[in-house]
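For the protein sequence lines, the chains are A and B, in the order given.
Position one of the first sequence corresponds to residue 1 (UniProt numbering), numbered consecutively onward.
Position one of the second sequence corresponds to residue 1 (UniProt numbering), numbered consecutively onward.
Since the hints were derived computationally from the structure, they do not count as laboratory data.
No experiment lies behind these values; they were computed from the predicted model shown.
Cβ coordinates follow ideal geometry from the N, Cα and C atoms, glycine included.
Where hints are given, some of them may not hold.
[As the list claims (entries may be wrong)] Just the calculated beta-carbon pair ranges, DEER-fashion: (1) A:ASN80 to B:LEU74: 51 to 61 Å; (2) A:ASN188 to B:GLY75: 33 to 43 Å; (3) B:GLN179 to A:GLU214: 35 to 45 Å; (4) B:PRO5 to A:GLN198: 50 to 60 Å; (5) B:PHE12 to A:CYS77: 21 to 31 Å; (6) A:LYS195 to B:VAL31: 24 to 34 Å.
[As the list claims (entries may be wrong)] Far from chain A by the CB rule (all over 10 Å, computed), these chain B residues: (7) VAL40; (8) TYR144; (9) LYS146; (10) TYR170.
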Amino acid sequence: MASLTIFADRKSQPSRAILIFCKVNGIEFEEVKMDLFKGDHLTAEYEAINPMKKVPAIAHGDFTLFESHAILIYLACCYNVSEHWYPTDLRTRAKLHAIMDWHHTNLRQGAAGYINTTVVAPKLGKPPNPEGAAECERKLIASFSTIETMWLKNDASFLLARDQPSIADLSLVCEIMQLEILSMEERNRMIRPYKKIQKWVERVKNATNPYFDEIHQLLYEIVASSKQQEA
Amino acid sequence: MQQVPAIVDGRFKLFESHAILIYLACSFPGVADHWYPADVSKRAKIHSVLDWHHSNLRRGAMLYVINTTLAPALGFPLNLQAAAKAEKTLDASLSKIESIWLKGSGKFLLGSNQPSIADLSLVCEIMQLEVLDENDRARILGPYSKVQEWIENTKNATKLHFDDVHGVLYRAKVKLRTQRENAQSQPSLKAALQSKM
């Protein structure tokens with residue numbers, strides 16, 4: 001098998017999903033650590049890998065690929081991973097595709113949008129945008145509600161009531177983990193009513209640990225240091 | 001989700017158009033390989049276009065059409081700021097299609113000489129711009145000659161079916177153009193319906 005390189009910033013939700021997926025499945029890779037804050041994604045060398053200048057991206061021999069869902073599917077197909085990650089049954093697979101597509105303009109837009117508006121934008125000197133933040137929060141809450149009612153049918157399951165995680169579980173849970181960056185008060189306000197979501201996040205962690213915590217370590221450190229600064 | 005499209009196949013229900021296109025390409029015999037290639041690498045590239053689409057072309061085109069044409073036609077106020085922001089996203093997306101996805105000499109996306117579900121999805125999105133004021137549409141698409149050629153290639157590859165399916169859109173285009181022309185001769189309406197910029 002050709003050698004695999006993953007260009008990732010562990011601060012990035014989709015980067016983490018790919019790293020965890022590879023570690024859990026024993027896929028060998030070289031990680032090129034990208035720092036978005038330092039502009040590593042804006043170099044000419046990286047543009048040759050990903051002309052969209054975003055993370056994550058992979059190079060597999062001569063083949064390059066970006067967009068995390070495309071990467072997860074590609075890796076699931078190339079390597080001999082357990083079938084539950086990307087089911088072969090066409091209808092189950094279609095339902096997982098639908099969740100991952102839905103994610104872009106719902107959970108992702110809500111969660112990442114809220115963080116960009118309330119945490120990142122102020123650091124870049126932009127004026128406050130409470131309307132924008134409220135709109136993102138509405139989208140995020142609506143997304144939690146959709147996940148619970150449509151895809152987490154019982155308490156002992158992963159998405160689509162399956163008994164093992166798929167790439168969709170990994171992608172969505174890594175997104176939800178980004179909310180750790182918010183104050184505990186904000187995060188609790190949003191997630192407390194959603195007990196199924198909380199339990200599902202724990203199940204995905206348990207199914208992929210120790211790698212889940214290992215890959216999220218940078219995020220945990222950022223959160224801890226910003227809480228110290230507030231104190 | 002209370003949105004379209006969705007399909008029902010026996011007792012199986014599915015929404016999200018990209019998931020539907022993939023399901024149909026895989027489930028029905030006789031669908032030519034170029035629509036959704038079996039080759040894992042080619043397929044992965046198509047996935048990357050389809051994923052990119054959601055937050056780029058789709059977002060820009062949809063928000064631009066809503067804020068310049070649909071909202072006023074439905075009696076909602078114009079939001080020029082939102083329209084300007086959407087046009088930036090739309091323009092950036094068309095630029096990326098021109099320089100990245102249509103790189104090389106292929107007639108379709110990703111250097112291919114045959115269309116895939118990605119070509120169909122993205123071209124149908126751009127077709128939505130037919131409902132715009134002609135000057136706006138020309139300004140937006142004007143700089144992108146490869147994009148314009150690719151739209152024609154995709155139409156030709158799907159011949160009668162493309163125009164047949166777009167019939168409702170073409171009729172909406174005529175209706176909106178008539179409304180705009182009527183507003184031109186009635187200044188009070190003109191203010192409400194004038195496309196921005």
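Each hint tested on the structure:
1. A:ASN80 to B:LEU74: 51 to 61 Å: holds, 53 Å
2. A:ASN188 to B:GLY75: 33 to 43 Å: holds, 41 Å
3. B:GLN179 to A:GLU214: 35 to 45 Å: With a Cβ separation near 60 Å, GLN179 of chain B and GLU214 of chain A fall outside 35 to 45 Å, so the hint is violated.
4. B:PRO5 to A:GLN198: 50 to 60 Å: For GLN198 of chain A against PRO5 of chain B, whose Cβ atoms are near 33 Å apart, the range 50 to 60 Å is violated.
5. B:PHE12 to A:CYS77: 21 to 31 Å: holds, 23 Å
6. A:LYS195 to B:VAL31: 24 to 34 Å: 43 Å Cβ-Cβ, so the 24 to 34 Å window is violated.
7. VAL40: Per Cβ check, VAL40 of chain B is inside 10 Å of chain A; nearest 5 Å; violated.
8. TYR144: TYR144 of chain B is indeed farther than 10 Å from all Cβ atoms of chain A, at 16 Å.
9. LYS146: holds, 15 Å
10. TYR170: For TYR170 of chain B, whose nearest Cβ neighbour in chain A is about 27 Å away, the distance exceeds 10 Å, so it holds.
Hints 3, 4, 6 and 7 from the earlier list are contradicted by this structure; the remaining hints agree with it.
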